[in-house]
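In order, the protein sequence lines correspond to chains Y and E. In this text, residue positions in the first sequence follow this note's numbering: the first is 1, and each later residue adds one. In this text, residue positions in the second sequence follow this note's numbering: the first is 1001, and each later residue adds one.
No lab work stands behind these hints: they were computed from the structure. Heads up, some of the hints might be wrong.
[Stated by the list, open to error] Taking lysine to aspartate or glutamate and the EDC-like style, the derived pairs with C-alpha atoms no more than 20 Å apart in a straight line are: (1) 1262/E / 1428/E; (2) 1174/E / 21/Y; (3) 20/Y / 1467/E; (4) 1517/E / 1144/E; (5) 15/Y / 1487/E; (6) 1464/E / 21/Y; (7) 1703/E / 1670/E; (8) 11/Y / 1493/E.
So the chains spell out like this:
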Amino acid sequence: MATLQQQIADKFLTKLAESKDVDAERIDQLRSLLADSKKLKAEDLVKVFSLPAGGDIK
Amino acid sequence: MIKLETAHIEEVRGIRKLDIDFRKEKFAISGPNGSGKSGVIDAIEFGLTGQIGRLTGRGTKGLSVSEHGPHVDKTKFPDAAFVELQVFLTELGKSVTITRKVSSPKKPKIEPPDDDVKAALAEIADHPEITLSRREILRFILVEPTKRSEEIQTILKLDEIGQTRSAFNTAQNKLQSAHKNATAQVQSGRHAVELHLQITTLRAEDLLEGVNKRRKLLGLPEIAELTADAKLDSGLSAAAKTPDFNKQSALRDLKALSDAAKGFPDLAKTEAAAIVSDLAKLEGDPALLAALQRRSFIEKGLDLVDGPECPLCDTPWKDEQHLRDHLKAKLAKSEEARKLQQALLNNGTALAQEAIRVVGLLGLVQKVAEGQGEGGVAQPLTGWKTDLEELKAKLTTVEGLTGLKDRLTGGWLEMPKALPKSLNGLTDKVNAKADQTDTLDAQTFLTTAQVRLGDYREAMRKNKAAEVASASAKAAYEIYCSVLEDELNTLYDEVQEDFSTFYRAINEEDEAKFTAKLTPSEGKLELDVNFYERGLFPPSAYHSEGHQDGMGVCLYLALMKRLFGDRFTFALLDDVVMSVDAGHRYQFCKLLKTHFPDTQFIITTHDRLWAEQMKSAGLVTAKTSIAFHSWTIDTGPLVESNQEIWDEIAAALGKGKVETAAGALRHHLEYVSRHLADQLGATPQFRADGNYELGELLPSVLKRMKDLCGKAADVAQSWGKDADKEAAGKRKALLSTSNAAMSVEQWAVNKAVHYNEWANFGKKDFEPVVAAFKELLGCFSCETCESWVYVTARGSPESLRCACNAISLNLKPKPK
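Extracted from the complex, chain Y is given alone in its bound form (with noise of 0.2 Å):
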């Protein structure tokens, strides 16, 4: 049985990816910290968000 901790994590990925919201490559991201490690920390989080975006900006 998954743990309830992975069963958050795996809903909110596909949650996430859903969404739209936030960018595949930022999401595989996402998937390695929720999968490594127990304890996420946030700056490891500002990381991943602040990742370059796709080449839209002019």
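Position chain E relative to chain Y; hints supplied.
Chain E only, in chain Y's frame:
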């Protein structure tokens, strides 16, 4: 998960040396208080997890496994204290051995040392909640909602989830703040472009109009569209691009700063005043200040936790989780401080954004000053810029704001006093310069415009990135919270349903329609229970303490079921079953049997009757239960056993320890008398407190047995069964001729046993006493199966028998 096969315990807690065969079955350990039952639970818990719950947590300061885990006589030899458990790993189908010494609790010896075995045992070690003790049971029921929430979150390991949510929240707050600053940078950059181009709104059309006017003058092609890569000064020679001083632009920059400076004293005055007010509130309320300081301090500490040692004070904790829980509990207590903190940071951020805009203006004038060789003007501007940059950083933390009260009370920007004069001087100097030729003006206009547009674009790029980062973090946080809430609601619904089902199962006679409601809210978990269909109330409102205890066990079982699902195969219930009302114990046994058929509960109780009820209900058997009759510091728990007790007494006498032997005999007689009084339906003088003395019980048991044997003989005669009549008569005669039976009222019970004078006997004096009682008790047990005799049915006995039916005396006379 696991099932326990055997345990070998040496020199742990109150145990010297003990082997128990748990057979992977539900198992009962009974014995009076202080007989060593909980020591067994401690030892098993230690063997599995390396921890002893009784030595940690609230009220256990100064206690530790290393110092207080070994038997009190072995504290200096912790190596001698160890537990060896043979454990069956249900998912791997393997039987393994784990040996753990008190001297090295974190380094158990595991056989076989396979990785999968180690991983399975490590999982168990991570679940100390497999042990539920009496003192913990009410923490689910009789606590305030915030505490209950913490307790349940701990047991379900929701703290890790909470930590993840907190990290997402912190990340979104940081990125939101970064986005605000980036936006302020954009505004500053845009203002610089607008100022240079003399336009009020930065639109491509207006920008190109001003730019193309100069390009036309220079004979350069017009720029038709302001594309992302458009260069405003394209076509200028490299030499023409070098000077970027544009007199008119410089004058506008100087004027902009001069004009702005007039408003500096009132800049963000409201926000600054609010900060000062909040800071004053803090000064006037030391407790609030302390809470806020601690909050910030603890938040930092929580972020730095990376092991069981506190990063703030180096205090060692039982484990990292306990430390985290401790710090989180402190944070939860300072809600008012949190609100104040938020207000301070919001206003601080507003000031920081104003500071960014001022710094932007200063940068423009600083360049002019440097270009004009006016070090006397440029230097203070540089110093002020640096000061404002530092101030900006301070404005976004509570610690920083706390030190800024004086500055925020006056003009917080702290504009250098000489600035207006310097600006005037510089303006005069620039004004005094000869007007630039139209060509040079156009060239420098374009180069300056390009530089400022470049800066603006860069600021926009950064702002866009910050916006995307902030929006992503915000979306992720909100989605995480939404998923978390849905999952927790589902979880609590399931727990609530199971809890109600379990409670109804043990109270089916009086609360068959019992329901419960768990209501989670921010940091709280309300629990309301139905009271005889009169509505939902807190558990402590109307239910008796016994019922509340039952709720505690049921909620624990519901939580464990949700935590482990089908893998809930093992739990240690240390004297918690006692808390179930006497009238509901059979139903409780039924609950454990039917709802948890594959779970091995190891249950301790100090109530002998309850131990027997567990057997009668079929929850445990004679082979899956053990009784301690007493405990001594030298021997540890003394196991109740019809045969072994005499061996133990003989062994003690062999060593000349009459006192030990006397104590063992006395406790054995107490146990047997109580047990037989119950089994045979003896009628001692009733005591409301149930605390019958041996001197009250044993004589009534003797009398009852004689009566039963006499009745059995009469009944056998009525049926014409001579053999049965002879058997009954023989047993009655044996009772009457027993030395102990004859003496029991004279000296053994009333005097020696009650006052324990046996302890003063010599070995040779005491041996006949032992022999006499052994002979006496032999009258009450079966030679074949060694079980004690009992009557059935209890209310109106129809037969006197033993477990194997080798003894079976009819008590129902032939109808006349």
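Outcome of the hint check:
no., hint, in the structure
1, 1262/E / 1428/E, "holds (19 Å)"
2, 1174/E / 21/Y, "holds (18 Å)"
3, 20/Y / 1467/E, "holds (15 Å)"
4, 1517/E / 1144/E, "holds (15 Å)"
5, 15/Y / 1487/E, "holds (13 Å)"
6, 1464/E / 21/Y, "holds (14 Å)"
7, 1703/E / 1670/E, "holds (16 Å)"
8, 11/Y / 1493/E, "holds (19 Å)"
Of the numbered hints stated above, none is contradicted by the structure.
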